[in-house]
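A.B. asks: Fit chain R to the given chain Z structure using the hints.
Letter by letter, the chains look like this.
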Amino acid sequence: MTTTHHRTHRPGPLTTLAYLFLLLSQNTAALLLTPLILASAILTLVWIGLPFVILTTTLLRTLANAQRRTLRHLLPHRPVPSAYRPIPQGSVLRRATTLLTDPATWKDILWLTAAPANLLLIAIPTALLTHGLYQILHTLNPTAPLYGLYTPHTTTQTLIPLLTGALLTYLAYYTAPKALHLYLAFNRLLLAPNEKARLTARVAHLATSRANTIDTQAAEIRRIERDLHDGAQARLVALGMNLGMAEQIIDHDPATARDMLTEARETTRQALTELRDLVRGIHPPLLAERGLDGAVHALALTHPLTTTVNVDLHGRPADPVESAAYFAIAELLTNTAKHAHATHAWIRINHGQNRLVITLTDNGTGGATPTPGSGLTGIQRRLDAFDGTMNITSPPGGPTIVTLEIPCALSSPKTLPSSETD
Amino acid sequence: MRVVIAEDLALLRDGLIRLLQAHDCTVVAAVDNGPDLHNALTEHKPDVAVVDVRLPPTFTDEGLQAALSARAQIPGLPILVLSQHVEQLYARELLSDDTGAVGYLLKDRVLDIGQFIEAVRRVAAGGTAMDPAVISQLLARQDQSGPLAQLTPREREVLSEMAEGRSNSAIAARLYITEKAVSKHINNIFTKLDLPPSADDSRRVLAVLAYLSSTKMPPA
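Protein chains in written order, with my numbering: chain Z, 39 to 460; chain R, 46 to 265.
Just so you know, the hints here were simulated from the structure itself, not pulled from any lab data. C-beta: ideal position from N, C-alpha, C; glycine also. Take the hints with a grain of salt, since some may be wrong.
[Unchecked claim] Here are some, though not all, of the chain R residues that point toward chain Z, as calculated from beta-carbon distances under 7 Å:
#1 I62
#2 E132
#3 Q133
#4 Q160
[Unchecked claim] Using C-beta positions, here's what the derived DEER-type ranges look like:
#5 Z:A276 to R:F104: 44 to 52 Å
#6 R:G159 to Z:G435: 56 to 64 Å
#7 R:D59 to Z:M279: 23 to 31 Å
#8 Z:P342 to R:R199: 23 to 31 Å
#9 Z:R240 to R:P192: 55 to 63 Å
Here chain Z stands alone, though its shape is the one from the complex:
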């Protein structure tokens, strides 16, 4: 089932050899762990084994994860994810129960019991290679009998081990990829979480990110409500009052009425300004009109730092993604201006492998870390709703490079009806 990938990523003979030794050592470790696991299982029958169970199971997880990492190196396009239930804080009993009721633990144990079979599988090419090399080397320097049994007397007899050695080495070369291939398929089957475990982990992630999204949105809506209530709404009430009073007195005091009308106009202007600022915070008009490209360019135009923008998009992401990306960029730029002591910022936006990739670089002093409650954590939380990720590289002394990735498809570019009618 992995043939196509295996062929395209076939490692060279030396790399294969290195991997064989790595797998050999991992499986030897697994073999050594087996008696410990057995001992902890037996001790659990008399209760004192529980802390021991936690220790051995954690060790087993570490080992299994090391194996998964190795498999990922061998099969970069089909990584084997781990899907363990999180171990809760609390009593030993609670932790041990969680560990023991997790199906992933039992799958790990199954993998552990397969260690002898695994070892045998890897041992075949390794043994062939060892014997082949031994026989070849012996021919070059035949001081003692081969294997203590065979002492060549004639030149022809001396050359026979050379022949068999070459044959064995070739066999090793021939069987190693096949053994490795079989090994990968077999261990993938053992170590990959079953669909249920994968879905459970996915549901847990979705529940968290959904709760965060709802919280963020509720807070936004509360802010908008407050702004409208204290701002535009209040101003419209004042405006209506002014106009009403002006209407009453216009006949007998036209001068005061005129002042009130001027005041009413000023109130209207203030209400409009407030509404405009509010709209910009909800969804910048330029984003609706020109998409991410135009909106980020405009952001750079009004930003205090010299900002170079490079956008390479053949189409537009969905509205929510566009909006999240825009606000993330705006927030990052604000951070840069405030904290980084930078003189120049670079923004790069492109799309590939179904991901929107945004890179923000500045030549500032670095040291940016996402502390709880900071803007960076807020960005991370908002990107979570789209399964997006944020990666920050910011060594002290700079530079800072922030990479945002959001899985999304691009719609085909909008054609303007005005150009269609031409």
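C.D. replies: Just chain R now, with coordinates in the frame of chain Z:
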């Protein structure tokens, strides 16, 4: 004066029609979408068009696009663009063909009817009417150590007024100074910014706007 109006909200469209008709304008067409606007502009060739940026069918920058494409066919066709928000990007696009006769104002400016009608007339006459918000954004972005920092506060005021597109006499009236003082300030500004002097009002505005928007401009 023959005017074309493009505005999709009936309430605002009727208000604009009434406003302009009350000030000696003939509204030859009032449209509510981009394609109609383009046709009205090329067919009527009005003395000035008052255009909302966001129009159907896409509700993006339809109005601006229609205005720009009409100006590409009829260079210098006077257009006054109105919007709920002002963007440097749009101001740059409107000014980029370098023929003047453009305006770009917030819709709020309609509230000050006198100023608004003055801006419409100015654009119709081939001048420029830039929103104060555009100019203040441009000035705010300038490098504090650049040539602009050498201007006196009064010269800065004159520069803003000039960049919005006002004539010497209008600037003099607004700042309560004489026209002679205004032209003296303008000469100083042009010397300090190292711009070639120009007697023509609209060319002068374009030179100043180009200067303000060219410094610290990221490569597009």
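A.B. asks: A separate judgement is required for each hint: does it hold in the structure or not?
C.D. replies: Hint check results:
1. I62: With Cβ-Cβ at 20 Å, over 7 Å, it is violated.
2. E132: holds (5 Å)
3. Q133: Since the shortest Cβ distance to chain Z is 5 Å, the answer is holds.
4. Q160: violated (12 Å)
5. Z:A276 to R:F104: 44 to 52 Å: Violated, since A276 of chain Z and F104 of chain R (Cβ atoms, about 31 Å apart) do not stay within the stated range.
6. R:G159 to Z:G435: 56 to 64 Å: holds (58 Å)
7. R:D59 to Z:M279: 23 to 31 Å: Since the Cβ atoms of D59 of chain R and M279 of chain Z sit about 26 Å apart, the hinted range of 23 to 31 Å holds.
8. Z:P342 to R:R199: 23 to 31 Å: At roughly 26 Å between Cβ atoms, R199 of chain R and P342 of chain Z fall inside 23 to 31 Å, so the hint holds.
9. Z:R240 to R:P192: 55 to 63 Å: With Cβ atoms ~59 Å apart, the hint holds.
Hint violations for this structure: numbers 1, 4, 5, all remaining hints satisfied.
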